[in-house]
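Q: Using the hints provided, position chain F relative to the given structure of chain D.
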Amino acid sequence: MSAGIGGGLAESPRGRFLALAPAMLVIGIFMLIPLMIMLAISLMEPNVYGGVHRQFSPDAYVQFLFQRDFDDNLVFNPGYLYILGRSLGLAGSATLICFLLGFPVAWYIVRRPAHQRNLLIFLVTIPFWTNLLIRAYAWIIILGRGGVIDTPLHWLGLMGPDASISVLYTNWAILIGLVYTYLPLMILPIYASLERLDFRLFEAAADLYSSKWASMRHVVVPLALPGIFAGVILVFVPALGDFISAQLLGGSRRLMLGNLVQLQFSTARNWPFGAAVAVILLIFVLASMLAYLRLNRKTGLELSK
Amino acid sequence: MSTITTDTNAAPQTGITARAGRRALQLGEFRGLTLWVGGVFAFLYFPICVLILYSFNESRFAMNWTGFSTEWYGRALGNRAARSAALNSLIVATCATIMATTIATAAALVLARARQFRGKSAAMGLMALPILVPEIVTAIATLIFFSTLGIRLGLGNLIIAHTVFCIPFAFLPIRARLQGMDGALEQAARDLYATPWESFRLVTLPLLAPGIMAGAMLAFVISLDDFIISLMVADAGSTTLPVYIYSMIRFGVTPEINALSTMLFAVSVSLVSLYWLFSRPRR
Chain D
1125 MSAGIGGGLA
1135 ESPRGRFLAL
1145 APAMLVIGIF
1155 MLIPLMIMLA
1165 ISLMEPNVYG
1175 GVHRQFSPDA
1185 YVQFLFQRDF
1195 DDNLVFNPGY
1205 LYILGRSLGL
1215 AGSATLICFL
1225 LGFPVAWYIV
1235 RRPAHQRNLL
1245 IFLVTIPFWT
1255 NLLIRAYAWI
1265 IILGRGGVID
1275 TPLHWLGLMG
1285 PDASISVLYT
1295 NWAILIGLVY
1305 TYLPLMILPI
1315 YASLERLDFR
1325 LFEAAADLYS
1335 SKWASMRHVV
1345 VPLALPGIFA
1355 GVILVFVPAL
1365 GDFISAQLLG
1375 GSRRLMLGNL
1385 VQLQFSTARN
1395 WPFGAAVAVI
1405 LLIFVLASML
1415 AYLRLNRKTG
1425 LELSK
Chain F
57 MSTITTDTNA
67 APQTGITARA
77 GRRALQLGEF
87 RGLTLWVGGV
97 FAFLYFPICV
107 LILYSFNESR
117 FAMNWTGFST
127 EWYGRALGNR
137 AARSAALNSL
147 IVATCATIMA
157 TTIATAAALV
167 LARARQFRGK
177 SAAMGLMALP
187 ILVPEIVTAI
197 ATLIFFSTLG
207 IRLGLGNLII
217 AHTVFCIPFA
227 FLPIRARLQG
237 MDGALEQAAR
247 DLYATPWESF
257 RLVTLPLLAP
267 GIMAGAMLAF
277 VISLDDFIIS
287 LMVADAGSTT
297 LPVYIYSMIR
307 FGVTPEINAL
317 STMLFAVSVS
327 LVSLYWLFSR
337 PRR
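Residue numbers (the working numbering), protein chains in the order written: chain D, 1125 to 1429; chain F, 57 to 339.
The shape of chain D in the complex, shown without the other chains (with noise of 0.2 Å):
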């Protein structure tokens, strides 16, 4: 296994640092030294100019639950967390959408022959490496005011002239942006595991006088599993962070935590705040990633046995 200088990096301390050290060194000072900058910025008090005064202070995070009145009291404000319920909800509903539009499909590609299944795999893919912004673009001209759907309605007579389905500029719209997004992260890793199945067992439950859907939730699913839990986080955790959908195709008044990150580095000029909405989105993050690590860790203990 050991040769040539791909061989000679891998096996000599020295080789392995000085091949591993640039990827490293980049990823180190522009990412993880951002990170911890942004978690330090979160914990100071804000400079009305934008910037921060060096100062430790917890209000950023204080603000996120509380305000302060007339009289300097801290009164409870749900406002935010109300943005943070609605990110929540719409991407556990897109991940529960993309799973139930796209275990099916992988079911179907799987199926097929060869040749077919890498064109289908390729198909599923190319929405997926479309521009964001031209995705919820095109939705805007789907659902807006007059638009693709609107004008048919019209024609038919089903609908006034001036009237409109009203979708675009709701949490709908956000959510059909979000499964539209996503959508294939859902479907190719259960594909994945799908194709490592051994579909003999499908065949041996049905020879049991195991019903179709009796196979396919005791023996399929559960196989098929690793698969699931690696699509539902790969739709959950980036619809959570999701910015342009809800920035598109919500209009100005629903925002999802992105939205409000991306407003205090803007308009509002409050990095503090910003930066401790963040930090808030990195724990939820995290924690579905450690949620995943786990489950994942005790179906594989479950299905070894």
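Calculated directly from the structure, the hints in this document are not laboratory data.
Cβ atoms here follow ideal geometry from the backbone N, Cα and C, with glycine treated the same way.
Hints may be right or wrong, so weigh each one.
As the list claims (entries may be wrong) - Derived DEER-like restraints, expressed as beta-carbon distance ranges:
1. F:209 - D:1322: 52 to 60 Å
2. D:1332 - F:265: 44 to 52 Å
3. D:1414 - F:143: 37 to 45 Å
4. D:1136 - F:265: 22 to 30 Å
5. F:127 - D:1346: 55 to 63 Å
6. D:1418 - F:241: 36 to 44 Å
7. D:1237 - F:109: 29 to 37 Å
8. F:143 - D:1202: 41 to 49 Å
9. D:1201 - F:209: 38 to 46 Å
10. D:1206 - F:131: 37 to 45 Å
11. D:1412 - F:127: 46 to 54 Å
12. F:254 - D:1419: 42 to 50 Å
A: Chain F only, in chain D's frame:
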């Protein structure tokens, strides 16, 4: 190639259909499944079709179809701001791709081949960090970093930021290629007195080339399409194409945006198709 090698190469690809007979496949058929899958594909492609169709719309209001016209492509191509934004995008994507792919190749040679060493999982974790952290968080962390340290390099800032998040995307296909590669040829080269450098240049690199190309394509598309990080990090003079398109969308929906978007879409799809050809396992 002997038939035996071809067979063993083909075996993992045929998957389910090889192991299960026709009967098992038929058992897996559910009523309405084809319809469901067709619906999902329609959902995936409908917006793209609408986008492309409306870029040929004659009317200046994107949502109102009046007739076929290629006028908006002319407008988009003649738009100086769009052209300079596209040029910025190309410069940033090219520089970031070259740096990220080089860095990722070196890292992959170690991480795909070395046996367990101290710090290996930490190194793998660091490699995955740019994918794990939500993009908006990366964007503001980078913004804070650059502005706190007063780093103002114009496009340079963007190139650095793009390089960082392109590294894992370049890394994954290169590592996959290395893991599937046979070490015996390199061993043979060494046995025939090739120096480590010669065996790397003449054996490892040519074998690894499709993986490197695939990684570079992926990095290029990811950089070209990036919006959030560019929006936060770029200063006024270094707008990229997606950021420019965003500023146009805020002023309303016009077919010119569709024309620009369709062209960007065409570039991404061509690159991804190339990536697909490079990364497919050889028969």
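Q: Hint by hint, say whether it matches the structure.
A: Here's how the hints hold up against the structure:
For residue 209 of chain F and residue 1322 of chain D, the hinted distance range of 52 to 60 Å is satisfied, since their beta carbons lie about 55 Å from each other. Checked against the hint of 44 to 52 Å, the C-beta distance between residue 1332 of chain D and residue 265 of chain F comes to roughly 50 Å, which is consistent with it. In this structure the supplied range 37 to 45 Å holds for residue 1414 of chain D paired with residue 143 of chain F, their Cβ-Cβ distance being about 43 Å. Take residue 1136 of chain D and residue 265 of chain F: their Cβ atoms lie about 25 Å apart, and the range 22 to 30 Å holds.
Judged by the Cβ atoms, the range 55 to 63 Å given for residue 127 of chain F and residue 1346 of chain D holds: they are separated by roughly 57 Å. The hint said 36 to 44 Å for the Cβ distance between residue 1418 of chain D and residue 241 of chain F, and at roughly 41 Å that hint holds. A C-beta distance of roughly 32 Å is found between residue 1237 of chain D and residue 109 of chain F, which places it inside the suggested range of 29 to 37 Å. Under the hint 41 to 49 Å, the C-beta atoms of residue 143 of chain F and residue 1202 of chain D, about 47 Å apart, fit the expected range.
In this structure, residue 1201 of chain D and residue 209 of chain F meet the distance hint of 38 to 46 Å, their C-beta atoms being roughly 40 Å apart. Between residue 1206 of chain D and residue 131 of chain F the CB atoms are about 42 Å apart, so this pair conforms to the stated range of 37 to 45 Å. Range check, residue 1412 of chain D to residue 127 of chain F: Cβ separation about 48 Å, and the 46 to 54 Å hint holds. The beta-carbon spacing between residue 254 of chain F and residue 1419 of chain D, approximately 48 Å, falls within the hinted interval of 42 to 50 Å.
In summary, the structure agrees with every hint in the numbered list given earlier.
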